[in-house]
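**Q** With the hints as your guide, set chain B with the ligands onto chain A.
Next come the chains, spelled out residue by residue.
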Amino acid sequence: MSATVIPYDVKPHPLTGMYNGKFGIWLFLASEIMLFGALFSTYVLLRVGAPEGTWPIAGSPTTRGDNILQVPLAALNTAFLITSSVTMVLAWANLKMGSFKKGQQFLLVTVLLAGAFLVVKYFEYNSKLHHYAVTFNEHFDRDGVESKSFKGLTQAGTEKTIHYLWGHVEETKKDADGAIQSYLFMPDHDTSHGGEGHEPKAVEIHPAEIARMTTFGPGGSSFLGCYFVITGLHGLHIVGGIVVMLWFLLTGSKMWKTQPDKYANRIECTGLYWHFVDLVWIFLFPVLYLL
Amino acid sequence: MSDHSHELPFWKKYIFSVDHKVIGIQYTVTALLFLAFGFGLMLVMRYQLAYPNQPLPGVFASVLSEPVVGEVTVNEATGETGKVLTGDGYNAFGAMHGTIMVFLAIVPLAVGGFGNFVLPLQCGAPDMAFPRLNMASYWTYLCGGILMLFGFFVKGGAANSGWTSYPPLSLIATTGQTIWLLGMVILITSSLLGSVNFIVTAVQLRVQGLSFFRLPFFVWAQLVTSFLLLLAFPPLEAAGLLQLMDRVAGTSFFDPGGLIISGVERNSAGGGSPLLWQHLFWFLAHPEVYVLILPGLGIIAEVIANNTRKPLWGYKSLVYSAIFLGFMSFIVWAHHMYLTGMGTTLSTFFQATTMIISVPSVIILTCLVISLWGARIRFNTPMLFALSFLPMFAIGGLTGLPLGLTASDIHLHDTYYVIGHFHYVVAPGTIFAMFAGVYYWYPKASGRMMNEWLGRIHWFGSFVFINAVFMPFFFLGMAGVLRRQFDQTETLHGAAVQGLTVMATWGAIGLALAQIPFVINFFWSMFAGQRVGANPWKATTLEWTAPSPPPHGNFDAVPVVARGPYEYSVPGESEDFSMQATA
Ligand code: HEM
Ligand SMILES: [Cu+2]
Numbered sequence: 001m002s003a004t005v006i007p008y009d010v011k012p013h014p015l016t017g018m019y020n021g022k023f024g025i026w027l028f029l030a031s032e033i034m035l036f037g038a039l040f041s042t043y044v045l046l047r048v049g050a051p052e053g054t055w056p057i058a059g060s061p062t063t064r065g066d067n068i069l070q071v072p073l074a075a076l077n078t079a080f081l082i083t084s085s086v087t088m089v090l091a092w093a094n095l096k097m098g099s100f101k102k103g104q105q106f107l108l109v110t111v112l113l114a115g116a117f118l119v120v121k122y123f124e125y126n127s128k129l130h131h132y133a134v135t136f137n138e139h140f141d142r143d144g145v146e147s148k149s150f151k152g153l154t155q156a157g158t159e160k161t162i163h164y165l166w167g168h169v170e171e172t173k174k175d176a177d178g179a180i181q182s183y184l185f186m187p188d189h190d191t192s193h194g195g196e197g198h199e200p201k202a203v204e205i206h207p208a209e210i211a212r213m214t215t216f217g218p219g220g221s222s223f224l225g226c227y228f229v230i231t232g233l234h235g236l237h238i239v240g241g242i243v244v245m246l247w248f249l250l251t252g253s254k255m256w257k258t259q260p261d262k263y264a265n266r267i268e269c270t271g272l273y274w275h276f277v278d279l280v281w282i283f284l285f286p287v288l289y290l291l
Numbered sequence: 292m293s294d295h296s297h298e299l300p301f302w303k304k305y306i307f308s309v310d311h312k313v314i315g316i317q318y319t320v321t322a323l324l325f326l327a328f329g330f331g332l333m334l335v336m337r338y339q340l341a342y343p344n345q346p347l348p349g350v351f352a353s354v355l356s357e358p359v360v361g362e363v364t365v366n367e368a369t370g371e372t373g374k375v376l377t378g379d380g381y382n383a384f385g386a387m388h389g390t391i392m393v394f395l396a397i398v399p400l401a402v403g404g405f406g407n408f409v410l411p412l413q414c415g416a417p418d419m420a421f422p423r424l425n426m427a428s429y430w431t432y433l434c435g436g437i438l439m440l441f442g443f444f445v446k447g448g449a450a451n452s453g454w455t456s457y458p459p460l461s462l463i464a465t466t467g468q469t470i471w472l473l474g475m476v477i478l479i480t481s482s483l484l485g486s487v488n489f490i491v492t493a494v495q496l497r498v499q500g501l502s503f504f505r506l507p508f509f510v511w512a513q514l515v516t517s518f519l520l521l522l523a524f525p526p527l528e529a530a531g532l533l534q535l536m537d538r539v540a541g542t543s544f545f546d547p548g549g550l551i552i553s554g555v556e557r558n559s560a561g562g563g564s565p566l567l568w569q570h571l572f573w574f575l576a577h578p579e580v581y582v583l584i585l586p587g588l589g590i591i592a593e594v595i596a597n598n599t600r601k602p603l604w605g606y607k608s609l610v611y612s613a614i615f616l617g618f619m620s621f622i623v624w625a626h627h628m629y630l631t632g633m634g635t636t637l638s639t640f641f642q643a644t645t646m647i648i649s650v651p652s653v654i655i656l657t658c659l660v661i662s663l664w665g666a667r668i669r670f671n672t673p674m675l676f677a678l679s680f681l682p683m684f685a686i687g688g689l690t691g692l693p694l695g696l697t698a699s700d701i702h703l704h705d706t707y708y709v710i711g712h713f714h715y716v717v718a719p720g721t722i723f724a725m726f727a728g729v730y731y732w733y734p735k736a737s738g739r740m741m742n743e744w745l746g747r748i749h750w751f752g753s754f755v756f757i758n759a760v761f762m763p764f765f766f767l768g769m770a771g772v773l774r775r776q777f778d779q780t781e782t783l784h785g786a787a788v789q790g791l792t793v794m795a796t797w798g799a800i801g802l803a804l805a806q807i808p809f810v811i812n813f814f815w816s817m818f819a820g821q822r823v824g825a826n827p828w829k830a831t832t833l834e835w836t837a838p839s840p841p842p843h844g845n846f847d848a849v850p851v852v853a854r855g856p857y858e859y860s861v862p863g864e865s866e867d868f869s870m871q872a873t874a
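Going down the list, the sequences are from chains A and B. Under the working numbering, residues 1 to 291 are what the first sequence spells out, in order. Under the working numbering, residues 292 to 874 are what the second sequence spells out, in order.
Pulled out of the complex, with its shape left as it was, chain B reads as follows:
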């Protein structure tokens, strides 16, 4: 098999490749770039928040132009000028930050990147079930992403109605919103192609002996995720299409009629419902939050099992919880809409389902924590990220409970508290899991280890600064500071807690700096990292049976599976790990 890979020309091997590993790496790199870009947008916004209407520092000022920034006079005497972020620029950056982070960075990284690279290997498959569809899915994603970015260059700038694009605001927004909708439709298509491929691969391409309950938890997590993508995304595609029609074809699905814009009534038949959009949007977007977290939980489970040198505690509970979570996530969406005037009967239903869905989340976290009990833990970089993931995810999840109950959500809705809640889940949560995954599977992808000390510096800096960014959000929110606000000092209660916002901004700057060791490490290790064999972590799952890096077709001989996924420290065995594949 491996001799065949030599015959492929460069562009087929690395650019238009159908090999799931190459596609996985393409996804990972592209998504990491989007992650950095989305973070960059936020840094500009954080500067404005901490130092309202002060000229931006040189780096940002030189790359930004109208209408994102406006010229102001800094010094009356000398006539010196500077550039400040405008309100419109702030809105566009905010909307695009959310969109990019969720749809172009985290999901492609977690599913497209790790899912693609690891899932077929852990199933013992030679590739995805539909390799060419897999390639199509990546290129569709890239096109959608580039289209989204193109929005910055149209008249009026990028989409500026928030990542949630609520009508009627989004109906009357500038052209950027149309680009956003087109981009979303393309991205959704990409993720549909991907999810079909994942499910078929995990169900049909498992090698002999690999029964469902011998699948690593990572595969289970990806499987549930794929079902969520498959079934929750189409309603958003429908909603996107309807909003597109409202904007370009004169329909009024989300337009109740009688909207007066700058003194002129919007020409439409009316009769639409803005709330309909919210329902369709959250019907996707709540399952989407589990799309954001489940692959991360999968990675953490792998890393924890490997570095505690023990079987995962409660493997089956993990699997059943993930499935139940996936199911429940379809019937909690309206907890994002408590303040839209829904009746108490309806809100009681959604409060109940929201409380119920937190149970499987807690079971998963508990299993992972108990897995640590009594272990001789190896503290390497992936494990440090995994260990810090646990409390961060706990903070994120527990702060969700007050949001799920109407009595407290009335106070907290649309404040920085909500922002704190979900960022604890996605940032020190999912993103830490992604880092753990990069450090863990890097040797598999490249045949070389990443540098351990640079890794630890990266982890320490990230851990400290990320808390400095997000912890203040809870206090800001409880003090009543609203999200999507350009300048909190314009309100008295906001001005009183401005110090916390300044702290978060400096945390973000520190977080940016803390990524430098990672970037150096990522590239340096490609050439100078210590070379390793097939199984540097002494792990059990199937990907570690294949050579590092695996050739096209993955395995030298088709593996046969004889055991469960986490048989560490089995009494009576000569080694402390028993691999799934029989030799």
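Looking at chain A on its own, in the form it has when it is part of the complex:
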């Protein structure tokens, strides 16, 4: 469209050893590090400041970090992303060696793996948004279902016993005006009275008995807030990557015919971004799921 020729658009600059696009992507990634860095700092600060016993920790009997998140699913996702990083490199390497068809194929595999990641993430999110934590005003015991409890500290440092049940809402009963009368609540296997091995059964709970009732969504706790915001933003980055890769899959052949070098460069830049997105996950996985 324009007659202006920008220097070092394709060829590397002698000083930096990079063409413009690659340099630009590195700078962009530097800013991304600051973005995720701030979110990780938030995580650290909130965790350090959390009153004892309130932050979910893997293996802890009271706050049950490993039960909130599904580690096997996340491990599967880790495998997806690491593999996709490999296929991404293969896409670029094949383009560099002049094989357009193979390059595009690997790019497609990368997109599919990224898609698989999102599907798994969807199931993870979905289960959390339908899983409830009910905190009772006082000890709850009805029809053989008893609340569990743990001793926590309030922010002010005073000791406080929390009575709670985790489970699913089977049915919400409302009166004629739409006001909630009661919930038919099915406690999780291991929080229902009788513990492991006994058939859990649903129980009726009235709003007046409830101190707070939330899903395991972002508002559930500081930990879940961090979990949703950080993985959500990471997920958006995955979506962005997919959009860009699909764009190259659909329009790549046109540019390949006239400027193969430039096309390979674009895939290289996409790859740099993609590796970064993977790397963020490699940090996320242990920090959120395992520690």
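In short, the hints are calculated from the structure, not lab data. Beta carbons are placed, not taken as given, at the ideal position from N, Cα and C, and that holds for glycine. Take the hints with a grain of salt, since some may be wrong.
Unchecked claim - Pairs of lysine-lysine, DSS-like flavour, derived with a Cα cap of 30 Å:
#	chain 1	residue 1	chain 2	residue 2
1	B	K303	A	K11
2	A	K173	A	K128
3	B	K446	A	K22
To be verified - If you only want the chain A side, here are some residues facing chain B, beta carbon under 10 Å, derived:
#	residue
4	I6
5	N20
6	F23
7	L27
8	L45
9	L46
10	E124
11	S182
12	T214
13	P218
14	F223
15	H234
16	H275
Claimed, not checked - Now the stretches of chain B that chain A is said to cover, found in silico as 3 or more residues with beta-carbon under 8 Å:
#	region
17	409-415
18	482-491
19	522-530
20	559-566
**A** Here is chain B with the ligands on its own, set in the frame of chain A:
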């Protein structure tokens, strides 16, 4: 190259242009409009401050409506009514004044406007490294700006928790705050696109012979600025996102829990930290103040070198100082938070870094002042603005030192003294630099000079009135008058110094009037200004080698650089300026 520009249809050439010069002008004009708007908000507030709860004069009363203003009876006998600014209106105007001035006026003007127009030219580049990204950055900025303004029309009015948006207040504020957060996220995206482009351009697109130490100081200033934008803005984006989640998704990042609002406890898990917001905010906002001032210093350096007809004194010190300043600006942020109960160890650290960062600022100012020594100065309009910039910036900077030490900040924090301090840096400081830049590069952009006499009237009026506005602030602050206060006469110590507030208000009105010659000059000169060639100021840097206005692609032939940026009055040369480009 130039024949190509004829082929482009109007909308591609002037509206959706990828040419850095057109984009630079778009930024400049948009930012100047926001500047005027932000100033207008402040005029309404100043009226309320000087004449508390008196009906607003006709111009304002006719355009403002609920909930910004409320009806009062002026004359019991006749039943005559008038409109006064409400407390809510005052808060919204104040928050939006700060936001608009910082994020929509000064930064886009200094970086988007001047940076875009001048930086590629001074590098000898045909355009920015990524022209389409450049266009995207402008349109993202405009969208963010329009969204911000849209906040005025939602229920409850625009954001009203201050430009700093401290929680927990901002968490429970009206919808305007949500709009503010969305607007900020968009604006930050725009500035990220811009900063990547600037850095790549300045590093990769320098023409042959233009080594780093032959770059004009303006380019250096923009380069450091871009790094600050690139690395300091993302944490605020993260913070904005978190606050947005707190407001719309029920999280509690900044909500400690147990907040009682109108007798009802806010439903949240709690466990958040309001101080976390302050840390994330100031981690951006302190580097941001250098984003506000560095491009201005860059412009002043160019104008001073050109009008003293001498090389800048201590060019390398300027460059190293700017880099050091950029680095240090990341580790002083908590000097805005001394009164949050931080321990003495931490505050000692931040006091030390704050004192250290003032050293490079002083070096820069000193170099610029010494550059004047023994020069035969040309007193044209850009130079008048540049010369008055120097003492104004000095006042602004020196008054920052007492704020950087806890012993004195305990007294001064959150008073009008702080307002005086940073306005001296940004208003008679940065804004004067921006005016100097407009007068200086206008002939390059348009091919015509601005009128000199209108320019001088503009400068004189601005210089007198801007001091009338801001000087009283120091005395108000030392008398204990707090910032963000709706009516100081409600306190005894405030009522005692009300006269100073009235003076500042009349200064602001005078300042508004003093801009009339500028507006006339800006438009009149477009058509009737004296036509000039490529180098009307007899300057040395590369932009003056290109034709005025430069065509698409900038230079008739790719320039080759043989010298440093400020080779004025070189002994033995026939002219008193030796241009960077070899003929
Ligand atoms: C030269 C050295 C400087 C020092 C030592 C300094 C110090 C400080 C300190 C300690 C504060 C916090 C005061 C308080 O809240 O109690 C402050 C506020 C501020 N400064 Fe500076 N400053 C300097 C230069 C600048 C520059 C160059 C700018 C650029 C525009 C600037 C803009 C601001 C702004 C906008 C605020 C107010 C922030 C708010 O809304 O609370 N300062 N300064
Ligand atoms: Cu600061």
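**Q** Hint check: is the beta carbon of A/S182 less than 10 Å from a beta carbon of chain B?
**A** violated, 20 Å
**Q** At a threshold of 10 Å, is the proposed contact between A/T214 and chain B supported by beta-carbon distances?
**A** Since chain B brings a Cβ to about 7 Å from A/T214, closer than 10 Å, the hint holds.
**Q** Would you settle whether the hint for A/L27 is holds or violated, based on the nearest Cβ-Cβ distance to chain B being less than 10 Å?
**A** The hint holds - A/L27 has a Cβ within 10 Å of chain B, the shortest such distance being about 5 Å.
**Q** Hey, B/K303 versus A/K11, does the alpha-carbon distance stay inside 30 Å?
**A** holds, 28 Å
**Q** Test coverage of the region 559-566 of chain B by chain A using CB-CB distances below 8 Å; three residues minimum.
**A** It holds, with 6 qualifying residues against the three required.
**Q** The region 482-491 of chain B covered by chain A? Criterion: 3 or more residues, Cβ-Cβ distance below 8 Å.
**A** holds (count 6)
**Q** Could you check if A/P218 really has its C-beta closer than 10 Å to a C-beta on chain B?
**A** holds, 5 Å
**Q** How about A/H275: closest beta carbon in chain B under 10 Å, or not?
**A** violated, 18 Å
**Q** Once the shortest beta carbon distance from A/I6 to chain B is found, is it less than 10 Å?
**A** Nearest chain B Cβ about 6 Å off; hint holds.
**Q** Using the nearest Cβ pair, does A/N20 come within less than 10 Å of chain B?
**A** With Cβ-Cβ at 4 Å, under 10 Å, it holds.
**Q** Can A/E124 be said to touch chain B, with a Cβ gap under 10 Å?
**A** violated, 17 Å
**Q** Given the hinted pair A/K173 and A/K128, is their alpha-carbon gap at most 30 Å?
**A** holds, 22 Å
The structure does not agree with the numbered hints 3, 10, 11, 15, 16, 17 stated previously, though it agrees with the rest.
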